[in-house]
Amino acid sequence: MDNQNKKAWLYLLPALIFLAVFMVYPLVDVFIYSFEESYNFASQTYNGVGIYNYSYVLHDAYFLQALKNTFILVAITVPLSTIIALLISLGLSSIKAVRNLFQTIYFLPYVTNTLAVGLVFMILFQKAPQHEGLVNTVINWFGGQSIDFLGGPYWAKMFVLCLYTIWVVMPFKILILTSALASVKQDYYNAAKLDGASNFRIFKKITLPMISPMLFYLIITGFIGAFKAYSDAVALFGLDLNSAEMNTIVGYVYDMLYSDGGGYPSYASAAAIILFVIVLTITCINLIISKKHVHY
Amino acid sequence: MKVVLQNVTKKFPSRNKKEKADVIAVNNFSFEIPDGKLIGLLGPSGCGKSTALNLISGLQKPTEGKIFFGDDDITKVPPEKRGVGLVFQNYALYPHLTVKQNITFPLENLKGKEKLTKAQMNEKAEEIAKLVQIDGLLDRKPSELSGGQQQRVAIARALVKMPRVLLLDEPLSNLDARLRLQTREEIKRIQNETKITTVFVTHDQEEAMSISDMIVVMKDGIIQQIGNPQDVYDEPVNLFVAKFLGTPPIGVYEGRTENGKLYIGNDCIFDVNVKENKEFTVAIRPEGYALNENGTFECKLNGVEVMGRDISVVITHDNAPEQAIRAIISAENIVDTSKPTVKFDLKPSKVYLFDKQSGERIYYTAK
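Residue numbers (the numbering used here), protein chains in the order written: chain S, 1 to 296; chain C, 1 to 367.
Treat the hints with caution; some may be incorrect.
As the list claims (entries may be wrong) - List of simulated lysine-lysine pairs, BS3-like, C-alpha gap at most 25 Å:
#	chain 1	residue 1	chain 2	residue 2
1	S	K193	C	K339
2	S	K205	C	K124
3	C	K66	S	K205
4	C	K11	S	K185
5	S	K193	C	K66
6	S	K204	C	K11
7	C	K243	S	K193
8	C	K188	S	K96
9	S	K204	C	K81
Hints in this document: simulated from the structure, not taken from any laboratory.
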């Protein structure tokens, strides 16, 4: 190894050490835990090595519920939030007056605490003996039946969770997309307009490809973020997510780590590894699809 | 297709809070572009020439006045229905599309009867690519092309739908000097072959003069002079046009008439038929000087630049506001550089008189 090379490694060392200690080691460790049966933190002992942890987790009704919830959440919120954010950004970039005001309003949820936002949603949807909640009041006003959004049927709870998630992730997406749209040069639009392209065709053939790198970034991070959802559900339904049927995979991992005193680190590790594999797969699929449709 | 502008004015609202008056980019424009000609819109930056082009393309709407293509009043027609092809200064090629897709883009927008099949589009794209000589590059992306090649693609894209009018916005400003010469010949050739009425905008007078059938010189949104390049060069109507055209630039002196004689400083140049005694601005084209030991016009000699065919004599004069004026004489002349001064005879056809205040041309005949 020549001197230049040594120097390069020396400069990289702090980052590499940091990555190794805080990223690689825990990942490997979790991977090992997930194969050690009945691992105990206190005594640092386990009963054997095998795939029992995975089998247990995959047959656990709570995990399957969490898996289902997470997939529904991802499938609904990622496309919806991205599309709505794109529509709002398009609207924002085509108006000049009061644009800054709207941008600020849309950005507010981003700087607001998740739990505070949860509180607002409680006021909107909570059904209590004293009051019906704002949304129910509106439903009643139109002659509909009250719905117990936070303690009632599964679809109602899922609806609130999705709405909440979309609302929370939207500001960031709008921010990124408005700046991406602003960076598309006016000349391209002028050229396309002169050539007689319809607005829809301009959007499809010019705007979309031009902002595709940013859009793709939002979709990837959106998928990953939605798979890791947990605090949103807690903010709406409290800590006992299993009984509310609103648990997520990360929630399940958390429960497994800390429930019943010592917890079950082996099951938690197995669930975490399953989540990791799912996210990795989806991201790889995203990357493959993006090769064809993203223009840098 | 003939293009007619009739009293066209374009005002922009002022952004300056203190000054409420509108900015007038194009002021009362009236001129007619004959069918099949190449017209250069010429003027310094900010004179409104790009705005004039945008008005013809329809990207901007005139505040007042009318625009005709042939006999059709297209003032209120949206840009996509006007049938214009526009080449942008930075080409505006879609970076994510190949050259071929860029060229066929305008064709894909055709609707109804004009709709083309994929094969027809390809055929047209190849035809036009051959015309601008990029037929080997159809599958490349714009980023993989040189500046000159991108320029040709932009022209091909503008031409492919056979526009009634082709507009070029500073088409050569992003090219290097050699490529610029080559490309302007190319534009002339393409225009000759297609016979499409073409308007191009430039601030480079040499460029405009070399390829235009007609030039329109503008200043501050107002047309100064319209005519074929040589006429405008030979007979400028005011000092601005005289100064704007020609390299090296015209030499400007403070002069006066006394008793039918024209003076610059103490030198009596020649007799003129101007009766009044008055101060004038005198402008002399670089080719208007003839070396003569006993010449009537004496200047300080700053140096001599030999340029092969010609010699450029760099002179200064107490009555000239500019620091250095260049006189072009044939290389057969020998300038004695040991002397501090040099003497010339002046050719009356290259000496122009302008009003000192307004800059308007004063016509005279030399005796």
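Hints, verified against the model:
| no. | hint | verdict |
| --- | --- | --- |
| 1 | S:K193 / C:K339 | 65 Å, violated |
| 2 | S:K205 / C:K124 | 21 Å, holds |
| 3 | C:K66 / S:K205 | 34 Å, violated |
| 4 | C:K11 / S:K185 | 24 Å, holds |
| 5 | S:K193 / C:K66 | 21 Å, holds |
| 6 | S:K204 / C:K11 | 34 Å, violated |
| 7 | C:K243 / S:K193 | 38 Å, violated |
| 8 | C:K188 / S:K96 | 42 Å, violated |
| 9 | S:K204 / C:K81 | 21 Å, holds |
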